[in-house]
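Take the sequences, apply the hints, and build the full model.
So the protein lines, in turn, are chains A and B. Each residue of the first sequence is one higher than the last, beginning at 1 in this note's numbering. Each residue of the second sequence is one higher than the last, beginning at 1 in this note's numbering.
If you're looking for bench data, these hints aren't it; they were derived computationally from the structure. If you're wondering where the values come from, they're calculated on a predicted model, not measured in any experiment. Incorrect hints may have been included.
Since the list gives no way to pick out one identical chain from another, each pair is judged satisfied if it fits inside one copy or across any two copies.
[Claimed, not checked] Straight line, CA to CA, 30 Å or less: simulated BS3-like cross-link-like pairs of lysine-lysine:
id, residue 1, residue 2
1, K202, K25
2, K189, K219
3, K202, K56
4, K113, K8
Protein chains: 2
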Amino acid sequence: MKEYSKSKLNRVKRGQNRATYDIEKINTILDAGFIGYVSYVYQGGAITLPMAYGRKDNKIYLHGSQANRMLLALLEAKEMSMTVMHLDALVLARSGLHHSVNYRSATLFGSVKKITNPEEKDAALFCFMEHMMKGRWDGIRTMHQEELDRTMVVEMTIETASAKIRDVGVADEPEDYNLDFWAGLVPIKQIALPPISDENLKEGIEIPQHVTNYYNQNK
Amino acid sequence: MKEYSKSKLNRVKRGQNRATYDIEKINTILDAGFIGYVSYVYQGGAITLPMAYGRKDNKIYLHGSQANRMLLALLEAKEMSMTVMHLDALVLARSGLHHSVNYRSATLFGSVKKITNPEEKDAALFCFMEHMMKGRWDGIRTMHQEELDRTMVVEMTIETASAKIRDVGVADEPEDYNLDFWAGLVPIKQIALPPISDENLKEGIEIPQHVTNYYNQNK
Chain A
1 MKEYSKSKLN RVKRGQNRAT YDIEKINTIL DAGFIGYVSY VYQGGAITLP
51 MAYGRKDNKI YLHGSQANRM LLALLEAKEM SMTVMHLDAL VLARSGLHHS
101 VNYRSATLFG SVKKITNPEE KDAALFCFME HMMKGRWDGI RTMHQEELDR
151 TMVVEMTIET ASAKIRDVGV ADEPEDYNLD FWAGLVPIKQ IALPPISDEN
201 LKEGIEIPQH VTNYYNQNK
Chain B
1 MKEYSKSKLN RVKRGQNRAT YDIEKINTIL DAGFIGYVSY VYQGGAITLP
51 MAYGRKDNKI YLHGSQANRM LLALLEAKEM SMTVMHLDAL VLARSGLHHS
101 VNYRSATLFG SVKKITNPEE KDAALFCFME HMMKGRWDGI RTMHQEELDR
151 TMVVEMTIET ASAKIRDVGV ADEPEDYNLD FWAGLVPIKQ IALPPISDEN
201 LKEGIEIPQH VTNYYNQNK
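See below:
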C-alpha cells in the first residue's frame, strides 16, 4: 500500500491541490517532529492537547502516567485523531485574501489500544525516545520496573490519514502585480540552540555525541 | 478579573504546579504565536486542525472561506476549544521517566459566533492581520467588497482557559545524580529567516519596514 484510502473522514475538502495521501510523504512529516495535537471528546465537546509521540511503521506511540486523563479518555473512545504541523514560511501577498503560510501538516485517524506486554512496552518506549532524539536510549540509565509500571503506553494504529503541503510563493490576483506593494515570503524555522549541561552534572561528563549530533542537525 | 475561574473543563489535573489561570500570562502565550489548534466534533469523534488566529482582549478571531467545513462546524457547535503551544527546550534527564520538554501552552474554551456587521468584520480582519505581523495591514491593498463577502469571520469569546508552563532544568531522582550519564537541556526556538521578495515584484519596491522589523525581532 502506497496511499491511504480516501474516506469521508480524511478526504481534504479545501485546497485539494495541496493534499496528499501518500504514506511515505505523511511519514516524512511525522518524523520531522515529535509533538502532535491529539484530540478527544470530553463532555460532548472536543479538546486537543499537545503530546510527544514516536512512530514506527503505521503505529504511533504515546505515553503518560497511568492516571493521565487524556490517555484514559482515548482508550475509552477506542479511536483518536492526531495532527502534526510544521510552519515553513509566512506568505505575504499584496492583498489580504492571499496571505497564507507555507506548511507541512498531517492528520491521522486510527484505533487505540493500551500496551501491556513488557517487551512491546519496552520497544514502544525505545521508539518514543529515539523518535525525539536518535541515540538517546543508550545515553540514559535503564528504567526501573516500578517506573515502567507507573507508565502507560498507548499505541495508535494509523488507519487513514491525509497531509497538506504548501511550499510555493505568493499567488496574488493577476491585476495586483502592478500595485506598489511589496510581497514575498518570510521563512520560519524551528532550530536548536547549543545544549546546556545540568548544573548538578557529575564532574568530567562531556556532552554525548548523540546530543551534539542533534544540535548540529537542527541548529 | 485577573484570573479565569476554574471549572471541571479548564482545571489542570496533572502537573498543577505548572498551571496558571492568570489572564495576562495566558494572553502573553497567545500573543507569542499565531497558529492555534482548533478542535471540533465530527461524526462523534474529535478532529483538530491548525488555524491562524488574532486576539483582542478576550476575543479570538478566525477566518476562512464561507464554505470552510471547520468554521461551519464550530458555528453549529456554538462552542470551541483552542490550544496554542510554544516548545522551548528538550529536557534530557538521566532517566527515561524524567525526560520532558520546556514549553508554554494555553488551552481556551469559549463560545463562537459569526461576525456579519461590516465594521466589526473589518476590525476583526485588521486584528487578525496585525496579530500575525504588526504593521502589515498598511502594507497591503484595500480588500474588495467581493473578497469580504467571500470571507467568513468567526469570533470566539474566551470564557475560561488555563495555561501550563515548564521552564526549569532537569529534575532527576536524587540517587541518579551520581550516575555517569549526561543530563541537560537543548533549547528550541522558532526563528524567521531573511525575507525573500516575490520574483514578480514590481521594480524598485523595497522590503517594507514592518517586514524588516518582524525579521529583526524573530531572527
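Hints and how they fare:
1. K202 to K25: Close neither inside one copy (43 Å) nor across copies (36 Å); limit 30 Å.
2. K189 to K219: Both. Shortest intra-copy (10 Å) and inter-copy (10 Å) distances satisfy the 30 Å Cα cut-off.
3. K202 to K56: Neither way: K202 and K56 sit 34 Å apart in one copy and 48 Å across, limit 30 Å.
4. K113 to K8: For K113 and K8, both the intra-copy (23 Å) and inter-copy (26 Å) Cα distances are at most 30 Å.
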